[in-house]
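Guided by the hints, dock chain B onto chain A, whose structure is given.
There are 2 protein chains.
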Amino acid sequence: MGKIKETIEGIKALDEAAMEAAMARQDALTKPQRSLGVLEDISVKVAGITRNFKPEIKDKVIITMAGDHGVADEGVSAYPKEVTPQMVYNFLSGGAGINVLARHIGASVVVVDMGVATDIEIESRAGNFIDKKIAYGTANMTKGPAMRYEDAVHSIEAGIEVLEQEVEKGVDIVGVGDMGIGNTTPSSAIVAFITGEPVESVTGHGTGLDSEGLRRKIERIKKALEVNKPNRADAIDILAKVGGFEIGGMAGVMLAAGAHRIPVVIDGFISGAAALIAYELSPKIRDYLIASHLSVEAGHRAILDHLGIEPLFNLNMRLGEGTGAALGISLVEASCKILREMATFEEAGVSEKE
Amino acid sequence: MGKIKETIEGIKALDEAAMEAAMARQDALTKPQRSLGVLEDISVKVAGITRNFKPEIKDKVIITMAGDHGVADEGVSAYPKEVTPQMVYNFLSGGAGINVLARHIGASVVVVDMGVATDIEIESRAGNFIDKKIAYGTANMTKGPAMRYEDAVHSIEAGIEVLEQEVEKGVDIVGVGDMGIGNTTPSSAIVAFITGEPVESVTGHGTGLDSEGLRRKIERIKKALEVNKPNRADAIDILAKVGGFEIGGMAGVMLAAGAHRIPVVIDGFISGAAALIAYELSPKIRDYLIASHLSVEAGHRAILDHLGIEPLFNLNMRLGEGTGAALGISLVEASCKILREMATFEEAGVSEKE
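Protein chains in written order, with our numbering: chain A, 716 to 1069; chain B, 716 to 1069.
Extracted from the complex, chain A is given alone in its bound form (with noise of 0.2 Å):
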C-alpha cells in the first residue's frame, strides 16, 4: 500500500511554463495558427508532462497485461478460456495484432502476465516478457470477490514495478493494452459502478456475444455488483470485488507513468475501466493520459466523459492488446515532431499574416 500511496503523490500538475513556450512556439512555425488542430493540442500537453516545450519521443513501448477471469465460467465471452494464454504466446511470437502495430510505430511489446489460469512457458520465445502473476486468474464475481483486497493493491503494485523498470531502461512514452478472455465483463461492471451509467447501456458484446449472451453478461454483472458490494470510496475495494489483475495492472501503470512524468496513451474499453481506477486514486493522472481511439465497445464513451477527455480517433476497432495505443503513439509523436522540428516563420523566411 506504501508504494501506491508514494507513487500517488509523486504525480504532480502539469508545467504551464513549457505548455506556454510550446504554445508560443505552434504560433511561431510556418503554418496558419492552429491549423494542425488536435496535433498541436498534443505536443503542448506532452510539453507539460515532460517539462520540456520542445519533447522527443523516441523510447516508446506498450505494455500488453494479460489475465484470466473467473467469471469467464458463466458464459460471457464467445472464446473459450484456454485463448487467454494461447494469445500470450502469439504476443510472444510477434504474430498478433499488437505486434504488428507496434512494429509499424518502432515500438516495442512488453507482455505482461498478471493472472493467467495456466503457467506461461517462456523458453524458446522471442519479446520480452514479465512475470506478476498475482493468481490463476481471478475468482468468479458473481459468488463473492473477484480477488482479496491485498491482491488488490499487489496488482496496482505490480503495475508500477513495471513502469519503474521501462524508467530504468529509457521510456518517452506508454501505451497500456490488455488480454483476457471475459474481461470485458470486469471491465463493464466497473465503469457501471464508478461512473452511474446503468449497466445496460456501458455493456456490449465484447469479442461477439450474441444477443442470448449479452443478456446473461448484463443480469451476471448486476449480481456481481449486488453480492459484492463495492464501497465507492475505495477504488482498490471495487477493483478486488469486481475488477481484474490486468486492470489493476493497468491502472499502477499509469500512476507511476504520471509520477514520472511521461505520457501514457490508452486503448479501449478495458484499459479506460484501468483508467478509471486510476483516476479514483488519483483525479490528477487525467492530464497524464491521451486516449487513442473511441472503441465500439459500449460504454467507453462513457469512460471517456467521466474522465473527461477526447480520443484522438474513432477506427471501429475493438480488438485491445493496445492496438489502438500503438496508433495514437504514432500520432502523439508526430505531434512532437512538429513542434521539434518545423521551421518558424523567421527561420524560412515567410511572411506572416497581413
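Simulated from the structure, these hints should not be mistaken for lab results. For glycine and all other residues, C-beta sits at the position ideal for the given N, C-alpha and C. There may be inaccurate statements among the hints.
Claimed, not checked - What follows is a list of derived Cβ distance ranges for each label pair:
{"hint": "1", "chain 1": "A", "residue 1": "G859", "chain 2": "B", "residue 2": "Q748", "range": "26 to 36 Å"}
{"hint": "2", "chain 1": "B", "residue 1": "E934", "chain 2": "A", "residue 2": "G725", "range": "51 to 61 Å"}
{"hint": "3", "chain 1": "B", "residue 1": "E771", "chain 2": "A", "residue 2": "D774", "range": "26 to 36 Å"}
{"hint": "4", "chain 1": "B", "residue 1": "R931", "chain 2": "A", "residue 2": "E1061", "range": "26 to 36 Å"}
{"hint": "5", "chain 1": "A", "residue 1": "V882", "chain 2": "B", "residue 2": "G1023", "range": "42 to 52 Å"}
{"hint": "6", "chain 1": "A", "residue 1": "G725", "chain 2": "B", "residue 2": "E797", "range": "46 to 56 Å"}
{"hint": "7", "chain 1": "A", "residue 1": "I837", "chain 2": "B", "residue 2": "E1061", "range": "35 to 45 Å"}
{"hint": "8", "chain 1": "A", "residue 1": "E1069", "chain 2": "B", "residue 2": "Q880", "range": "28 to 38 Å"}
{"hint": "9", "chain 1": "B", "residue 1": "G1023", "chain 2": "A", "residue 2": "G859", "range": "49 to 59 Å"}
{"hint": "10", "chain 1": "A", "residue 1": "D846", "chain 2": "B", "residue 2": "G725", "range": "40 to 50 Å"}
{"hint": "11", "chain 1": "A", "residue 1": "K884", "chain 2": "B", "residue 2": "E771", "range": "48 to 58 Å"}
{"hint": "12", "chain 1": "A", "residue 1": "V882", "chain 2": "B", "residue 2": "R1055", "range": "25 to 35 Å"}
{"hint": "13", "chain 1": "B", "residue 1": "R818", "chain 2": "A", "residue 2": "E1067", "range": "36 to 46 Å"}
{"hint": "14", "chain 1": "B", "residue 1": "E797", "chain 2": "A", "residue 2": "Q748", "range": "15 to 25 Å"}
Claimed, not checked - If we take Cβ atoms under 7 Å as the criterion, some of the chain B residues that face chain A in the derived model are:
{"hint": "15", "residue": "T745"}
{"hint": "16", "residue": "L1030"}
{"hint": "17", "residue": "V1065"}
{"hint": "18", "residue": "E1069"}
Frame of chain A; chain B shown alone:
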C-alpha cells in the same frame, strides 16, 4: 487531351477476387472477426486496387503541388501572395509541416511548381522539385476564366506525367497535397458548382480570414461563377473557368494513380476539390481514393458526401500541403501490415470462437 482520355480509359474496376481473398484472410487472423474495423476495410480496398490480397506498402510519395491565383488580388486570403514561393522553398529545405510528417511516415515529398507567380530558384536546395509551371499564376476569375481551356488540359496532363515519373521510380501509395495562397477560393467555387451546395455553405475562413474577409470571399466566388458560367457537363471547363493549376495537377495525379492501380490518399479541402474534378472526368476514380481526414474548412464534408467516401480521422486540421494525407498513408500502411504480418488462428495455435 489524348493523354487524359487514355488515362481515364486505363482506370478499371477493383479486383473482386483479391478483395475476397483479403477478406477471408482478415477473418482467419488471430483476432475477433472485424475487430480492427476500418483498418480491415482499407486493407481490403488496397487489395482490390493492387490486385494483391497481401499488398505491401513500401515506397510512399507525397506530391505537393503549388500554384498562385489571380483572385488573391481580391483580398480573399489572410496571407500575402509571396508566401506561395516562400513555402515552396520551405518545402525544399525540409522545414514545412509536410516535410516533418513525411519523414515521420517514411515518405518522400515531391514538390511541383504548377503555376507559382515567380520563378523558383532550385540550386542549393534539397529535395525533389519538378517544374511544370503552366503560367505565372491564374488570371483573376472574377473578371473572366482563371485559365485558358488548353491550360486546364495541360495542368491535368502535367499531373499525369508527375505520377508516371514516380511509377517509373517505383511507388506503392501516393498522397496529394497543395500550396497556393488564395486557393480555397477557386476550390469553394468548384465545390459549390459541382455539388450544387450554396456558396455560403462551402466557403470557409481558409488560412484565417475574418468575417468581413469571408463575406467578400463569398461575394467574389458568386461573381466568378456568374461571370464565367462554367459548363456543368465539362469538368475541364469548370477547372478552366474557376479552378487553379495545382488543382488540375492534383486531379491528373489521381487519374493516373487510378490507371496504374496505385492507392491515392487525398488531403483536405483543395485536394478534395481536385478529386471532384477527377471524379467528374471518371467516376471510377472513386474506388482508388482514400480520404485521410475531415478538414476544418467548411465544405470539405460536402466533397466527401458527393464522392461517397468517409475520412479516416478528424483532428481539426486545415493546413493542406498533404499533411493529412501523410497521416492517412501511415494508417493505410498499418492496415496492409496487419493483413500481411499477423498470424492466423491455425499458424498460432489459437482456439477459435466457440
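Evaluated hints:
no. : hint                         : verdict
1   : A:G859 - B:Q748: 26 to 36 Å  : 35 Å, holds
2   : B:E934 - A:G725: 51 to 61 Å  : 59 Å, holds
3   : B:E771 - A:D774: 26 to 36 Å  : 27 Å, holds
4   : B:R931 - A:E1061: 26 to 36 Å : 30 Å, holds
5   : A:V882 - B:G1023: 42 to 52 Å : 48 Å, holds
6   : A:G725 - B:E797: 46 to 56 Å  : 51 Å, holds
7   : A:I837 - B:E1061: 35 to 45 Å : 23 Å, violated
8   : A:E1069 - B:Q880: 28 to 38 Å : 36 Å, holds
9   : B:G1023 - A:G859: 49 to 59 Å : 54 Å, holds
10  : A:D846 - B:G725: 40 to 50 Å  : 58 Å, violated
11  : A:K884 - B:E771: 48 to 58 Å  : 32 Å, violated
12  : A:V882 - B:R1055: 25 to 35 Å : 34 Å, holds
13  : B:R818 - A:E1067: 36 to 46 Å : 25 Å, violated
14  : B:E797 - A:Q748: 15 to 25 Å  : 19 Å, holds
15  : T745                         : 6 Å, holds
16  : L1030                        : 4 Å, holds
17  : V1065                        : 4 Å, holds
18  : E1069                        : 6 Å, holds
Violation of the numbered hints given earlier is confined to hints 7, 10, 11, 13; the remaining hints are satisfied by the structure.
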